[in-house]
Amino acid sequence: MSPRPYVEVTDLKKTFDVSKPWLNRVLEGAPRQYLKAVDGVSFDIRKGETFALVGESGSGKSTVARMVVGLLNPTGGEVTIDGISMTDPGQRAQRAKLRRKMQMVFQDPYASLNPRWRVDRIIAEPIRAFNVVEGEANIVARVGELLTLVGLHPDDGKKFPHEFSGGQRQRVAIARSLASNADFIVCDEPTSALDVSVQAQILNLMRDLQEKFGLTYLFISHNLAVVRHMATRIGVMYLGRLVEVSDAKEMFTHPRHPYTRMLLDAVPDLAMSGRARIPVAGEIPNPITPPTGCTFHPRCPLANERCKAENPLPINGVACHAVVEGRTLAHPVAA
Amino acid sequence: MSEPVISVRNLQVEFVTRRATLRAIDGVSFDIHKGEVLGVVGESGAGKSVTGAAIIGLIEPPGRISGGEILLNGRRIDNLSPEEMRKVRGRKVAMIFQDPLTSLNPLFRVGEQLVETIRTHLQMNERQARDRAVELLTEVGIPAPEKRIDGYPHEFSGGMRQRVVIALALCAEPDFIVADEPTTALDVSVQAQIISLIKKLGRERGMAVMLVTHDMGVIAETADRVAVMYAGRLAEIGPVRDVVQRPMHPYAKGLMGAIPTLEASTERLVQIPGSMPRLSSIPRGCAFNPRCADVFARCHVDQPLPLSVQGRQVACHLYENERLKTAEVAR
Numbered sequence: 001m002s003p004r005p006y007v008e009v010t011d012l013k014k015t016f017d018v019s020k021p022w023l024n025r026v027l028e029g030a031p032r033q034y035l036k037a038v039d040g041v042s043f044d045i046r047k048g049e050t051f052a053l054v055g056e057s058g059s060g061k062s063t064v065a066r067m068v069v070g071l072l073n074p075t076g077g078e079v080t081i082d083g084i085s086m087t088d089p090g091q092r093a094q095r096a097k098l099r100r101k102m103q104m105v106f107q108d109p110y111a112s113l114n115p116r117w118r119v120d121r122i123i124a125e126p127i128r129a130f131n132v133v134e135g136e137a138n139i140v141a142r143v144g145e146l147l148t149l150v151g152l153h154p155d156d157g158k159k160f161p162h163e164f165s166g167g168q169r170q171r172v173a174i175a176r177s178l179a180s181n182a183d184f185i186v187c188d189e190p191t192s193a194l195d196v197s198v199q200a201q202i203l204n205l206m207r208d209l210q211e212k213f214g215l216t217y218l219f220i221s222h223n224l225a226v227v228r229h230m231a232t233r234i235g236v237m238y239l240g241r242l243v244e245v246s247d248a249k250e251m252f253t254h255p256r257h258p259y260t261r262m263l264l265d266a267v268p269d270l271a272m273s274g275r276a277r278i279p280v281a282g283e284i285p286n287p288i289t290p291p292t293g294c295t296f297h298p299r300c301p302l303a304n305e306r307c308k309a310e311n312p313l314p315i316n317g318v319a320c321h322a323v324v325e326g327r328t329l330a331h332p333v334a335a
Numbered sequence: 001m002s003e004p005v006i007s008v009r010n011l012q013v014e015f016v017t018r019r020a021t022l023r024a025i026d027g028v029s030f031d032i033h034k035g036e037v038l039g040v041v042g043e044s045g046a047g048k049s050v051t052g053a054a055i056i057g058l059i060e061p062p063g064r065i066s067g068g069e070i071l072l073n074g075r076r077i078d079n080l081s082p083e084e085m086r087k088v089r090g091r092k093v094a095m096i097f098q099d100p101l102t103s104l105n106p107l108f109r110v111g112e113q114l115v116e117t118i119r120t121h122l123q124m125n126e127r128q129a130r131d132r133a134v135e136l137l138t139e140v141g142i143p144a145p146e147k148r149i150d151g152y153p154h155e156f157s158g159g160m161r162q163r164v165v166i167a168l169a170l171c172a173e174p175d176f177i178v179a180d181e182p183t184t185a186l187d188v189s190v191q192a193q194i195i196s197l198i199k200k201l202g203r204e205r206g207m208a209v210m211l212v213t214h215d216m217g218v219i220a221e222t223a224d225r226v227a228v229m230y231a232g233r234l235a236e237i238g239p240v241r242d243v244v245q246r247p248m249h250p251y252a253k254g255l256m257g258a259i260p261t262l263e264a265s266t267e268r269l270v271q272i273p274g275s276m277p278r279l280s281s282i283p284r285g286c287a288f289n290p291r292c293a294d295v296f297a298r299c300h301v302d303q304p305l306p307l308s309v310q311g312r313q314v315a316c317h318l319y320e321n322e323r324l325k326t327a328e329v330a331r
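Here the protein sequences come in this chain order: A and B.
Residue 126 in my numbering is what sits at position 126 of the first sequence, and the numbering runs on without skipping anything.
Residue 74 in my numbering is what sits at position 74 of the second sequence, and the numbering runs on without skipping anything.
Hints were generated in silico from the structure; no laboratory data involved.
The beta-carbon is built from N, C-alpha and C at its ideal position, and this holds for glycine as well.
Accuracy of the hints is not assured; some may be wrong.
Claimed, not checked - According to the in silico footprint, chain A covers these stretches of chain B (three or more CB under 8 angstroms from chain A):
| # | segment |
| --- | --- |
| 1 | 181-194 |
| 2 | 209-220 |
| 3 | 248-260 |
Input sequences plus hints: build the corresponding full structure.
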């Protein structure tokens with residue numbers, strides 16, 4: 001029996017009210033409108049692994065990340081980290097202890113660092129907030145250590161964020177996330193604002209730190225190639241639902257859900273291997289009025305009547321009627 | 001070989017600031033032929049977009065073209081007056097920008113914008129122009145164009161908007177199109193559709209296309225030849241297959257290795273130390289010398305000029321040495 005997973009997400013839901021203002025509703029008789037940003041998402045993250053969520057814009061991956069760390073309150077469902085519920089009001093005290101164990105790295109390193117604070121103060125903030133280290137001299141030493149760890153110089157702490165490039169700022173954000181000795185880090189598109197050569201530096205750094213400290217990552221990205229490089233397991237999201245969860249290797253060699261296949265086919269072929277690909281059709285529908293049944297059916301080459309009527313539930317990590325029924329498409333898959 | 005549609009010769013672009021004159025483009029030369037797609041890659045600040053803007057005559061003060069020439073079908077266009085250039089732009093050369101929302105006017109219907117552009121450049125009445133607009137929308141793959149032509153830009157999705165922008169660029173059947181990061185704001189599944197559309201249009205209409213992007217994958221899919229830029233200079237230019245699979249310039253090598261791919265295993269990515277220099281502090285000699293693993297004395301002194309090696313041009317002293325060596329052996 002394997003030990004209990006570090007993070008358990010069960011039937012997580014988030015609905016946003018996108019209704020028109022009250023006056024418009026009264027005068028124009030416009031109904032209330034809701035957007036199901038996340039609709040019944042469940043997954044586990046084991047200690048020390050990287051779980052990646054991929055999907056296109058509007059698929060709800062960032063909303064899941066925000067709910068996992070508690071930046072958003074879920075409409076339904078539960079998140080448990082290290083056995084402590086993030087949602088149960090009765091466990092508030094335990095949750096406070098958990099806070100220092102989890103940190104977040106955001107997409108835009110220009111917006112996530114306070115421009116008026118020097119870098120040493122930014123990195124020391126979690127240390128002071130959680131009383132990780134006592135005494136000013138020790139805090140200074142710890143900040144220097146963290147800066148060295150992420151490939152910067154301890155003297156860089158005296159600079160302001162604007163004196164750094166995008167990649168260096170993201171290093172600062174990573175140093176800050178490590179400052180409270182966190183062991184679970186949620187990374188929301190940490191490299192999508194960076195150039196490729198800098199992205200490679202940051203991805204390598206994140207992997208080194210994971211090896212060194214046994215970190216657990218929840219890694220959000222829209223870039224499948226980046227995910228392939230980082231993830232142990234991958235969840236694919238489409239319109240607020242998790243359509244496939246599988247081991248990273250498995251997903252790239254044997255994608256099962258038609259949407260996963262489509263995503264893989266859409267990635268430009270850098271090796272120019274000439275692998276056969278199905279041209280991608282359609283776009284993500286409006287999430288306020290999602291299609292009935294399986295939300296992917298208007299774009300799915302395997303869709304039939306059942307797919308239009310009935311929402312598929314995940315079976316062995318894939319939510320697809322066609323996969324369960326064995327309907328397939330003759331299609332060579334990228335090796 | 002036929003005359004190139006666009007020929008850029010030793011282009012220099014400078015930006016004059018209070019402190020110094022910054023050279024954003026330094027001695028860039030290339031040709032693009034009919035029906036050919038030239039991909040231009042590089043990281044932020046490499047000068048890719050400025051090159052595109054220079055060709056299309058959209059360098060605004062304090063920037064200026066300070067040297068070199070740009071020829072369109074053999075005729076110089078870099079020294080035209082703004083009025084003359086306005087006639088060329090849109091008619092002969094057109095541009096597709098990164099963000100489709102800002103390149104369309106939100107207050108006008110898509111059809112009005114298309115008709116206006118068509119009538120500016122071609123002798124047509126309202127009716128004919130509208131028919132042509134519908135044709136163009138059909139060609140770029142917009143479903144039910146007769147209906148969508150009366151929609152406002154906000155009623156279109158990102159991918160569809162980018163298709164409208166492409167239709168706008170095609171209005172006067174230009175000979176040359178600059179596509180500046182046309183897919184960067186789009187999702188992967190939509191990106192793939194737009195790439196194949198640009199490729200198809202270029203081929204069918206025999207246009208020359210300059211595709212500016214930071215995404216090597218997009219280049220590999222679309223371009224015939226690729227130019228790798230670094231700090232305002234061309235590092236390497238050659239057939240796309242050669243440059244992507246066997247890059248020669250140390251920067252191009254690093255850049256290719258740094259890209260995570262679907263095919264490769266999960267080993268460490270190649271890492272180029274440091275980052276691109278600012279325009280105000282481009283090092284002497286080769287601009288890449290502080291980050292280069294193969295650097296030697298000469299790199300700090302002389303700026304390397306493009307050398308023809310194995311069917312491509314590489315601006316790196318390494319290959320000059322190699323050439324000299326082979327010459328000595330031959331002697």
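Hint by hint, here is what the structure shows:
1. 181-194: holds (count 7)
2. 209-220: holds (count 6)
3. 248-260: It holds: at least three residues are needed, and the segment 248-260 of chain B offers 6 whose Cβ sits within less than 8 angstroms of chain A.
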